[in-house]
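Residue numbers (numbering that gives the first Met the number 0), protein chains in the order written: chain A, 0 to 161; chain B, 0 to 341.
Please note that a few of the clues may not be correct.
Unchecked claim - Residues of chain A clear of chain B, computed beta-carbon distances all greater than 12 Å:
id: 1; residue: Ile23
id: 2; residue: Glu77
id: 3; residue: Glu94
id: 4; residue: Asp98
id: 5; residue: Ile100
id: 6; residue: Glu109
id: 7; residue: Val116
id: 8; residue: Arg117
id: 9; residue: Tyr144
Stated by the list, open to error - Simulated crosslink set (DSSO-like; lysine-lysine; CA at most 30 Å straight-line):
id: 10; chain 1: B; residue 1: Lys125; chain 2: A; residue 2: Lys80
id: 11; chain 1: B; residue 1: Lys189; chain 2: A; residue 2: Lys96
id: 12; chain 1: A; residue 1: Lys96; chain 2: B; residue 2: Lys220
id: 13; chain 1: A; residue 1: Lys80; chain 2: B; residue 2: Lys58
Hints listed in this document are in silico derivations from the structure and should not be mistaken for laboratory results. Just so it is clear, the structure is predicted and the values come from calculations on it, not from any experiment. All C-beta atoms in this analysis are idealised placements derived from N, C-alpha and C, irrespective of residue type, glycine included.
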Amino acid sequence: MLCQNCHQKAANVHFTQIINNSKIDIYLCEECANKISHVEFVSPFGFNDLISGLFGYQVKQEAPETLKCKNCGMEYEEFLKTSRVGCAQCYHAFEEKLDPIIKRLHGNAEHRGKVPVRVSSKISTTNEIAKLKQLLNECIKKEEYEEAAKIRDRIKALEVGE
Amino acid sequence: MMGMPIEKGTELDVAVSTRVRLARNFADIPFSAKMTSKHQNALIDRMQSIISDYTVYGKLMYADMTTMHPVDRVSLMERHLISPDLAESKGNSGAFINEKENVSIMVNEEDHIRIQAIFPGIMLEKAYKVCDDIDTIIAEKADYAFDIKYGYLTSCPTNIGSGMRASVMLHLPALVMTGFLKSILESCPKLGVAVRGIYGENSDAVGDMFQVSNQITLGRKDEETIAAIDGICKQIIDREKALRLQLYRQNIYAFEDRIYRSYGILKNARVLSTQECFKLLSDVRLGVSMGIISDVSVLTLNELLVLSQPATLQKIAGKQLEPEERDVKRAEMIRNRLQKTE
C-alpha cells in the first residue's frame, strides 16, 4: 500500500483516530508520518533495539528508580538503552533487575565449565578453609585440643597464602 | 597468505568453515561502554606483553585499526579475521593475527578481547582447542571478570557464561531450492541454535551460505555446546546431501545445465557484480561437490568467495576501485584463477 499523503513511498505507519465515535484510518510512510505528527516514528528493526526491547519489557511497569553502579557510574537506564554493562560490578549492582532478564535469555541456569585458573585456585583455598573450620569446631566439641591446634595453624597458613 | 587457511577439514562439500570465539574481559578495567582512551591503551599494552612470547600458533602480529586503511580493515572483515564492528571502530582497537590467518585476538571490540580461531570445513574441536589454549595462557597472567554464578562476564548479558560462540558456515543450495531451509530456520531457535547470514548478526544470507551457531552461553559446558553444534550441523549436512542427490536425479539435464552455465559465465564473464558472482560460485560449488565439475576444488572456490568481496578485491588490485571497476576486476580475477586450475 502506498502512503496516502505523498502517494510515492510504501505506507508503514498506521494512524487510527477516533473523533465523535467515528474511526478514521490513515496509512502513511515513515517520512510523512514524522512530518504530520509530533511523534517520532522509527522502525525498531536493529538487533540492539530488539535486545533492549527485551530488557526494557519488564521495567516499564515498575516505578522508575535510579539504579547506579558505584564502580563505573553506569545507570540502569543507560544499560537498557545500549544493552551493554559498564563493568564487572554492574552485574551485582543491577542484579535484582538483571537476573530475571538473564533467566529469560539463557534459562534458569548457572555457569558450568571452565573457570579461570586464578579463580579456581582461590575457590579451592576458600573451600578448603571452610572444611577445616568445620573440622576445627568438631574437634573443639570433642575436646581434642591438640588436633584443633594443628587445624588452626593450617587455616592460618592458608589464609596468609591467599 | 590471503583467503581461507588451506588445511584439510571434514565435510568440505557442504561445510565451508568453522569458527570459535571466546569473549573475555578483565576484572580491573571498565568494559567498553565506560572505557577511556587511557584504558584502551593500557589494555593493548597488557595484551602485547602477554601475547608477545606466545608462538604456539605462530607469531601473533598486531594489526592496528587506528592506522589501517579502511579498505584493509574491511578486507580483514571479509576474511572473517575481525568483526564488522571492529572494522568500523573509531577508538583505539586492533587485532593480533597469526601468519596463517587462522587465529586472531581482537582487542577493544564490544568486549576487552575476543579470541577466535577459524578453520576450513567442520573442525569445531580443533578451533575450540586453539581458543582454549590461548585463553588459559591469558588467564594465568591476568584476572578475568568472572562470577561463580554467571561465569565469564561480558559487555552484553547475551554472552555471559562461557562467552563462547561456536559457528559453522554451511553451503545449503539444495535446502534453499526446495524450501526446506525454512523449517530448519524455524526449529533451530527452539534448540538454542541461531542460523544467520555469513557475517553473523544482521547480515544477509548470500550465495546460499548460512552460519549455524549456539545462542545460549550460560549453563552449558564448552564441550557440550561444541558437540551440540557439531551434531546439528552434521544433520543439516546429511539432509542437504540427500536433497542434492534427489534434485539431481529428478532432472539430470536441468541440474547439470544450471551448473555448467554458471561455470561458463564465471570463466568467461567480463563484468561480475558481487551478488551475481556469489550466486554463480554457489552453483559451481554444488557441481564440484557432486563430482559434476572436477577441474576445480572446493578450497579454490572458498578462496574465490573471499577474494571476490569488494575490499579484498581492492587489496589485490592495490588501489581503490569504483563499483563498476570492481565488477571488471572481479571478473578478471576469477577468470585468471579458474584458468590456472585447468
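Numbered hints the structure breaks, given as an ascending list: Hints 2, 3, 4, 5, 6, 7, 8, 10 and 13 are the ones this structure does not satisfy, whereas the remaining hints hold.
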